[in-house]
Amino acid sequence: DTGVSQNPRHKITKRGQNVTFRCDPISEHNRLYWYRQTLGQGPEFLTYFQNEAQLEKSRLLSDRFSAERPKGSFSTLEIQRTEQGDSAMYLCASSLEGGDSQPQHFGDGTRLSIL
Amino acid sequence: KQEVTQIPAALSVPEGENLVLNCSFTDSAIYNLQWFRQDPGKGLTSLLLIQSSQREQTSGRLNASLDKSSGRSTLYIAASQPGDSATYLCAGTQTGANNLFFGTGTRLTVIP
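Chains as they are written, first to last, in my numbering: chain A, 1 to 115; chain B, 1001 to 1112.
No lab work stands behind these hints: they were computed from the structure. In this text, all values refer to a predicted model and were calculated from it rather than measured experimentally. Treat the hints loosely; a few may be bogus.
Pair ranges (Cβ atoms, derived) [stated by the list, open to error]:
#1 Asn1063/B - Lys71/A: 27 to 33 Å
#2 Gly1016/B - Arg15/A: 46 to 52 Å
#3 Gly1016/B - Ser5/A: 22 to 28 Å
#4 Asp63/A - Pro1082/B: 43 to 49 Å
#5 Glu97/A - Ile1007/B: 30 to 36 Å
Quick reminder that beta carbons are idealized off the backbone N, C-alpha and C, glycines included.
Work the whole structure out from these sequences, hints included.
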């Protein structure tokens, strides 16, 4: 079990640039989640995939954000025209399907800093 | 919207003490609940999961309980160690949803 892997670990970019993050879930997990965590706060839900289907999106996911999970394996989260307020830790989690008995397992996140 | 409160926000204890962390939800219709720890600059490590039909879970020195009628959960840590120093987050799901609602965490420092 290699755990949830996220790349890059850190991303520094100028305001207005586009950024893309990648998440590789635990290999047999068919559910994948993206969360955003700002300093001193708990993570907030962004979006959720079951296999390749994006089933839920939070109102936090503005039209500048897009997430994909082609082939139901890894996922990417893209932010277009980045703004100062996008600075945060972006966390990915995965789980097995199985009602309430399957915990979500998190990666170490991608820390985004907007200059 | 579900709001999750964790009390205290920060806690400092001498090594060896037993301690209790608290978590409460504004909407008590919680389906399941997870407790996590987060080390600085890192992701979340799952500690315990209380399933919808359960009231508590134990793992080693950790015990978590959930009272659905009040929407409250506690995490009990026995015989605390310096390695327990971290931020502890509780998070729950609601029936029909898969995403976790998180509290803001309790930052624990165990002093050797």
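These are the hints, each one checked on the structure:
| no. | hint | result |
| --- | --- | --- |
| 1 | Asn1063/B - Lys71/A: 27 to 33 Å | 41 Å, violated |
| 2 | Gly1016/B - Arg15/A: 46 to 52 Å | 49 Å, holds |
| 3 | Gly1016/B - Ser5/A: 22 to 28 Å | 37 Å, violated |
| 4 | Asp63/A - Pro1082/B: 43 to 49 Å | 46 Å, holds |
| 5 | Glu97/A - Ile1007/B: 30 to 36 Å | 34 Å, holds |
In this structure, the hints that do not hold are numbers 1 and 3, in rising order.
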